[in-house]
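Line by line, the protein sequences are chains A, B and C. Offset between the first sequence (1-based) and my numbering: plus 34. Offset between the second sequence (1-based) and my numbering: plus 491. Offset between the third sequence (1-based) and my numbering: plus 25.
Possibly wrong hints are sitting among the right ones.
Unchecked claim - Looking from chain C toward chain B, a few residues come up when the C-beta cut is under 7 Å (computed):
id	residue
1	A81
2	K85
3	M103
4	M112
5	R113
6	F120
7	Q121
8	T125
9	D128
10	S130
11	M138
12	S140
13	G306
Claimed, not checked - Each pair of labels, with its calculated beta carbon distance range:
id	chain 1	residue 1	chain 2	residue 2	range
14	C	K168	B	I494	52 to 62 Å
15	B	R584	A	W235	49 to 59 Å
16	B	F817	A	K220	25 to 35 Å
17	B	D720	A	I72	49 to 59 Å
18	A	V153	C	S250	33 to 43 Å
19	B	L696	A	S107	33 to 43 Å
20	A	W54	C	F151	55 to 65 Å
21	B	N723	C	R213	52 to 62 Å
22	C	L246	A	V153	30 to 40 Å
Since the hints were made in silico from the structure, they are not lab data. Backbone N, C-alpha and C define an ideal beta-carbon position, used for all residues, glycine too.
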Amino acid sequence: MAQFSLYEEEYHPSPWQRTWREFTSSHIAVLGLFVLAIFLVFALFAPLIAPYDPLQQNIDSLLLPPSWETNGSISHLFGTDALGRDVFSRIIYGCRVTFGSSILLVMIAMGVGVTIGTVAGMMSGVRSSIMNHLLDALMAIPTLLIAIIIVAILGTGLVNSMWAITLALIPQFIHYTRSFVRSEMKKEYILASKLDGASAWQLFRHSILPNMIEMLVVQGSLALSIAVIDVSALGFLNLGAQPPLPELGAILADGLDVAYLAPWNVGLPGLSIFLMVLAINLVGDGLRSALRKRVSH
Amino acid sequence: MRILLRFSILFILTLLVLVVLSFALIYLFPGDVLNNLTGISAQSEAHRDMLVEKHRLDEAYFFQFTHYVSELFSGNWGQSFVSGLPLKEEIGRALPATIELAFYAMFIAVVIGIPVGCYAGLKSYTPVDYSINSLSMVGYSFPVFWLALLFILMFSLELNIAPLSGRISLLFDIPHRTGFILIDILLAKDIDTSLAMRDAFRHLLLPTLAISVISTASMIRMVRRSVIDVLNRPYITAARSRGLSRWQIFSRHILRNALLPVLPLMAIQITTLITNAMIVETLFSWPGIGNWLIQAIYQRDFPALRVGMLAVASLVITLTITIDLFNRLIDPSRDKYERGTI
Amino acid sequence: MPILDIKNLTLEIETAGERVKALDKVSLTINSGEIRALVGESGSGKSLIVSAISGALPQKFHLTADRMSWKGKNLLSMPTEERRQLMRREIAVVFQNPGTALDPSATLGEQLMESIPSELVEGKWFWQRKQSRRKSAISTVHKVGIKHHRHYLNAYPHQIPTDISQKFMLAMALISQPQLLIADDPTRGMETTTKTQVLKLLTRLNQTKSLSILFISHDLLAISSMCHSMTVLYCGQTVESGRMKMLRKRPLHPYTKALLDSAPSFQKDLLPKSLLPTLDGTIPSLKHVPIGCRLGPRCPRAQRDCVITPAVRRIHDHTYSCHFPLHMEKL
Numbered sequence: 035m036a037q038f039s040l041y042e043e044e045y046h047p048s049p050w051q052r053t054w055r056e057f058t059s060s061h062i063a064v065l066g067l068f069v070l071a072i073f074l075v076f077a078l079f080a081p082l083i084a085p086y087d088p089l090q091q092n093i094d095s096l097l098l099p100p101s102w103e104t105n106g107s108i109s110h111l112f113g114t115d116a117l118g119r120d121v122f123s124r125i126i127y128g129c130r131v132t133f134g135s136s137i138l139l140v141m142i143a144m145g146v147g148v149t150i151g152t153v154a155g156m157m158s159g160v161r162s163s164i165m166n167h168l169l170d171a172l173m174a175i176p177t178l179l180i181a182i183i184i185v186a187i188l189g190t191g192l193v194n195s196m197w198a199i200t201l202a203l204i205p206q207f208i209h210y211t212r213s214f215v216r217s218e219m220k221k222e223y224i225l226a227s228k229l230d231g232a233s234a235w236q237l238f239r240h241s242i243l244p245n246m247i248e249m250l251v252v253q254g255s256l257a258l259s260i261a262v263i264d265v266s267a268l269g270f271l272n273l274g275a276q277p278p279l280p281e282l283g284a285i286l287a288d289g290l291d292v293a294y295l296a297p298w299n300v301g302l303p304g305l306s307i308f309l310m311v312l313a314i315n316l317v318g319d320g321l322r323s324a325l326r327k328r329v330s331h
Numbered sequence: 492m493r494i495l496l497r498f499s500i501l502f503i504l505t506l507l508v509l510v511v512l513s514f515a516l517i518y519l520f521p522g523d524v525l526n527n528l529t530g531i532s533a534q535s536e537a538h539r540d541m542l543v544e545k546h547r548l549d550e551a552y553f554f555q556f557t558h559y560v561s562e563l564f565s566g567n568w569g570q571s572f573v574s575g576l577p578l579k580e581e582i583g584r585a586l587p588a589t590i591e592l593a594f595y596a597m598f599i600a601v602v603i604g605i606p607v608g609c610y611a612g613l614k615s616y617t618p619v620d621y622s623i624n625s626l627s628m629v630g631y632s633f634p635v636f637w638l639a640l641l642f643i644l645m646f647s648l649e650l651n652i653a654p655l656s657g658r659i660s661l662l663f664d665i666p667h668r669t670g671f672i673l674i675d676i677l678l679a680k681d682i683d684t685s686l687a688m689r690d691a692f693r694h695l696l697l698p699t700l701a702i703s704v705i706s707t708a709s710m711i712r713m714v715r716r717s718v719i720d721v722l723n724r725p726y727i728t729a730a731r732s733r734g735l736s737r738w739q740i741f742s743r744h745i746l747r748n749a750l751l752p753v754l755p756l757m758a759i760q761i762t763t764l765i766t767n768a769m770i771v772e773t774l775f776s777w778p779g780i781g782n783w784l785i786q787a788i789y790q791r792d793f794p795a796l797r798v799g800m801l802a803v804a805s806l807v808i809t810l811t812i813t814i815d816l817f818n819r820l821i822d823p824s825r826d827k828y829e830r831g832t833i
Numbered sequence: 026m027p028i029l030d031i032k033n034l035t036l037e038i039e040t041a042g043e044r045v046k047a048l049d050k051v052s053l054t055i056n057s058g059e060i061r062a063l064v065g066e067s068g069s070g071k072s073l074i075v076s077a078i079s080g081a082l083p084q085k086f087h088l089t090a091d092r093m094s095w096k097g098k099n100l101l102s103m104p105t106e107e108r109r110q111l112m113r114r115e116i117a118v119v120f121q122n123p124g125t126a127l128d129p130s131a132t133l134g135e136q137l138m139e140s141i142p143s144e145l146v147e148g149k150w151f152w153q154r155k156q157s158r159r160k161s162a163i164s165t166v167h168k169v170g171i172k173h174h175r176h177y178l179n180a181y182p183h184q185i186p187t188d189i190s191q192k193f194m195l196a197m198a199l200i201s202q203p204q205l206l207i208a209d210d211p212t213r214g215m216e217t218t219t220k221t222q223v224l225k226l227l228t229r230l231n232q233t234k235s236l237s238i239l240f241i242s243h244d245l246l247a248i249s250s251m252c253h254s255m256t257v258l259y260c261g262q263t264v265e266s267g268r269m270k271m272l273r274k275r276p277l278h279p280y281t282k283a284l285l286d287s288a289p290s291f292q293k294d295l296l297p298k299s300l301l302p303t304l305d306g307t308i309p310s311l312k313h314v315p316i317g318c319r320l321g322p323r324c325p326r327a328q329r330d331c332v333i334t335p336a337v338r339r340i341h342d343h344t345y346s347c348h349f350p351l352h353m354e355k356l
């Protein structure tokens, strides 16, 4: 009889490590993560990176083309707009405003939505079912409509548009959280914990929440991409961020008048919105595939 | 049928909530209530009293509410500040324009998106699938206003293929019958139908294209994911072991099971579609409800805002509930919370 | 004349860069009109054999075999279309979990009727054919013991109980009038009455229609009452194979003996409170497969020679692969 184990030390990665491994095996997802990290750096360190003040108007250099055109100069990397403001700095600050406010409002929406959804899911009854059907129906109202109403009541401005988008995102979180919690509550491991004497809070904290994190991450990334598009759309329609606050959609709207003469004014801010959303979608998609593959392997 | 009853109750309840909200808006808007309602600032006490009595602002809220509802049902939706026209007529012109745009985009999304998505799902993890997946990911990430702008810059201004604004060239005078321009052209009598149709198509081209790129990309991704999920299920292996041909397996088993979870998501698709349509309208000066509402908000036209919001919201809710009902009726597997993902 | 002849089938999986042999030189033959049992613990690769025969192996698996033929036709080099026709007409498979093998969005009747190959349907016009299909479906459903055919044929899979659905799966397999029925643990988790019904049905079909059956199971009692011959599989290797009577009387491989001993009803003279005989340990996972004879670490008769895979030896039609078989000290 052997006294020692003939088998090698086995390395069992934790679920998070496995997810990360699956995630990094897709190069495109890692690229998306990289781009997202760049935007995050822009958002956090905008004052340090931007060469000029985004609000500073420079009458001498109006509508300078970007540095890769023949007329442009390297001092204004992306050129200037109709009021002489440096487009590059405006875009960096705009990334900060758009990305930052989107992240903030997704976190608020997630917090509120998950709380309400969990409470609704752990209780059952006729009332909660009516509430839920109502919320489901209200979930269908377009974000723009809610934004218009809120702007009409409270006035324009970035904060008000953020409220609007938060209100539009909350029902989604409630819906997914509630259905998840309800289906988990029917499972036997919850019953086992209940029979052990766990209270509702303990059930939530130790049994349901760890399983919910994956779903939340996926929903959060979806919500983030919706939030970025909506924040910039509202800024574009002048219902959100007001000038001179640099927000990518508002910068795009400013450049609309001179779009034909100076296409970089609309091309570049739009490109940054596009890249931001694309990066978020790539990362979200990569996460979702990684989570799926982790289960099947 | 109990399901019908439940859904009807839900429908009425939701509409009620919306109407209450729409009614309450007039009190929530900043400024004097009377001013918001009529647009007239009272000249004197007497004038003010007269206006108050005319619009019943001195009665209890409940009566005002019932008055409001009865006005809505009788068709008197008030008048817009800006144009002075009755709101019913304005909305009646604007809403069909948006619906038309959204409908065509949805049509393209379904007709192109579902087959391409099925194809990508069946040939999953092959180079064809990778390219379709990447393209749809890119298409899905475009901000719709930027895409529309790029289309305008490229096609309208540079290449001059499609016109920039409006629904039809000003040379044509199409009488307003249904509000849907293509139908109206067919119904109109003494114009050159084919020329008018061609012109209307050219005007429709860019806005529809901009919206449909995003919707089609979204549809492709949903259908592809659903098909991949179904392909991994045990009953497909069992069907293969019974020796059914590939076409049989696809058309009878895969198609039905893949499309059923996608239906609930179509409802959310529709709301995104309408939002995108409303945004695109501003760029193309398309006389739809989105453009109208945004103009109303710039000009603080409150009666218009509240009735317009009610109109759009009820339209969307009706569509969503109908799709939900349809889904519940035709889906035999009764998995209520099983929805597709992207 | 064996209708299914598999010799030295090896199935390799790529996991984390290295190739593991999930099935190592498995040999199996089924003669016409014979019920053969395939016995083994869970994880020994029984379902893999079924997938290999039906051609439903996922892409990651690599299949090699000296011989894998159906009625003389080589299965490995057969074009896909012919293989599919084979699966449609001549081989039928019944899976383990009946609920999941049915399409949830179609009624049972529809699924049954689409499994009928068109050659067996009479009638020229499509309404005649539809009627003939329906008649054939009803008669098959009656044959397996489902009485209220009208109710069940119009029901959806999630509405019927498990035992009816397993009988229904049998009906679906039988409706194409196959010559070989592969039953992958069909009576798992069934109550005894239903189990006996299903087993009686299978025996009757074998006797009346000379339907060959490959019966994969753990249930030694059912197997010993019904099957003509048995193949014992351990961790991807065939350890013994032969006629049922011979194996029961004189099992040559230690594993077969342990299996037969572990079913209490085989022992006649058990003392009260005596320990039931078992084999220590569990079946090894694919990552840590022992070299040579895979029973090595667990076998009570293992010696140093067991690190070399034993060759297959046969006495009449009883094959075994062991270096130190039981009852063989004299030879």
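For each hint, the structure was consulted:
1. A81: holds, 6 Å
2. K85: With Cβ-Cβ at 12 Å, over 7 Å, it is violated.
3. M103: Check failed: Cβ of M103/C comes no nearer than 13 Å to chain B, outside 7 Å.
4. M112: holds, 4 Å
5. R113: OK, holds: R113/C within 7 Å of chain B, min 3 Å.
6. F120: holds, 6 Å
7. Q121: violated, 9 Å
8. T125: Constraint on T125/C satisfied, holds at 4 Å.
9. D128: holds, 5 Å
10. S130: holds, 5 Å
11. M138: violated, 11 Å
12. S140: At about 5 Å, which falls below the 7 Å cut-off, the nearest Cβ of chain B leaves the hint on S140/C intact, so it holds.
13. G306: violated, 31 Å
14. K168/C / I494/B: 52 to 62 Å: At roughly 38 Å between Cβ atoms, I494/B and K168/C fall outside 52 to 62 Å, so the hint is violated.
15. R584/B / W235/A: 49 to 59 Å: holds, 56 Å
16. F817/B / K220/A: 25 to 35 Å: holds, 27 Å
17. D720/B / I72/A: 49 to 59 Å: violated, 34 Å
18. V153/A / S250/C: 33 to 43 Å: Because 57 Å falls outside the window, the suggested range is violated.
19. L696/B / S107/A: 33 to 43 Å: holds, 39 Å
20. W54/A / F151/C: 55 to 65 Å: holds, 57 Å
21. N723/B / R213/C: 52 to 62 Å: Given range 52 to 62 Å: violated, Cβ gap about 22 Å.
22. L246/C / V153/A: 30 to 40 Å: Taking Cβ atoms as reference, L246/C and V153/A lie about 53 Å apart, which means the hint is violated.
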